[in-house]
Amino acid sequence: SPTFYEFDSADLLKLYREMDDRDEEPVIVYHSHTATEAYPSRTDVTYANEPGAHYVLVSTADTDGSGPFQFRSYRIVDGEITEEDVQVVAAY
Numbered sequence: 002s003p004t005f006y007e008f009d010s011a012d013l014l015k016l017y018r019e020m021d022d023r024d025e026e027p028v029i030v031y032h033s034h035t036a037t038e039a040y041p042s043r044t045d046v047t048y049a050n051e052p053g054a055h056y057v058l059v060s061t062a063d064t065d066g067s068g069p070f071q072f073r074s075y076r077i078v079d080g081e082i083t084e085e086d087v088q089v090v091a092a093y
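The opening position of the sequence shown corresponds to residue 2 in the numbering used here, with each subsequent residue numbered one higher.
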């Protein structure tokens with residue numbers, strides 16, 4: 002779909018099991034919004050099930066595909082959205 006993407010559930014389950022075996026947890030969950038600003042949608046909030054993760058959204062909505070892009074980061078816990086500071090650097 003041009004407006005919704007979902008991982009294959011078997012692949013996602015495999016990934017989470019592998020991470021669990023290594024005692025790891027997701028730190029960053031990121032995706033793009035191509036038609037809207039970089040702010041969590043209702044769907045994003047519904048699917049946000051990692052309270053310790055940073056949810057990074059990139060918006061290409063107001064660009065021709067070559068930038069500048071909007072980068073924003075959030076914590077989403079129990080449906081509450083809290084924006085975090087983001088600093089985009091050219092190189093690190």
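To be clear, the hints were calculated from the coordinates, so they are not data collected in a lab.
The C-beta atom is built at its ideal place from N, Cα and C for all residues, glycine as well.
Hints may be right or wrong, so weigh each one.
Here are the simulated distance ranges between beta carbons [as the list claims (entries may be wrong)]:
#1 D79 to S33: 36 to 46 angstroms
#2 S67 to A11: 14 to 24 angstroms
#3 E38 to V78: 30 to 40 angstroms
#4 V87 to S67: 12 to 22 angstroms
#5 A62 to I29: 13 to 23 angstroms
#6 D22 to S67: 39 to 49 angstroms
#7 Y17 to D79: 19 to 29 angstroms
#8 V90 to A62: 35 to 45 angstroms
#9 S67 to V90: 17 to 27 angstroms
#10 E25 to I82: 36 to 46 angstroms
#11 Y6 to D79: 36 to 46 angstroms
#12 T44 to A92: 13 to 23 angstroms
For each hint, the structure was consulted:
1. D79 to S33: 36 to 46 angstroms: Violated, since D79 and S33 (Cβ atoms, about 25 angstroms apart) do not stay within the stated range.
2. S67 to A11: 14 to 24 angstroms: At 36 angstroms between Cβs, range violated.
3. E38 to V78: 30 to 40 angstroms: At 21 angstroms between Cβs, range violated.
4. V87 to S67: 12 to 22 angstroms: Check passed, 20 angstroms falls within 12 to 22 angstroms.
5. A62 to I29: 13 to 23 angstroms: Given a distance of about 21 angstroms, which is inside 13 to 23 angstroms, the answer is holds.
6. D22 to S67: 39 to 49 angstroms: 41 angstroms, holds
7. Y17 to D79: 19 to 29 angstroms: 20 angstroms, holds
8. V90 to A62: 35 to 45 angstroms: At 23 angstroms between Cβs, range violated.
9. S67 to V90: 17 to 27 angstroms: Taking Cβ atoms as reference, S67 and V90 lie about 19 angstroms apart, which means the hint holds.
10. E25 to I82: 36 to 46 angstroms: 25 angstroms, violated
11. Y6 to D79: 36 to 46 angstroms: 24 angstroms, violated
12. T44 to A92: 13 to 23 angstroms: 34 angstroms, violated
When the structure is compared with the earlier hints, violations turn up for hints 1, 2, 3, 8, 10, 11, 12 and for no others.
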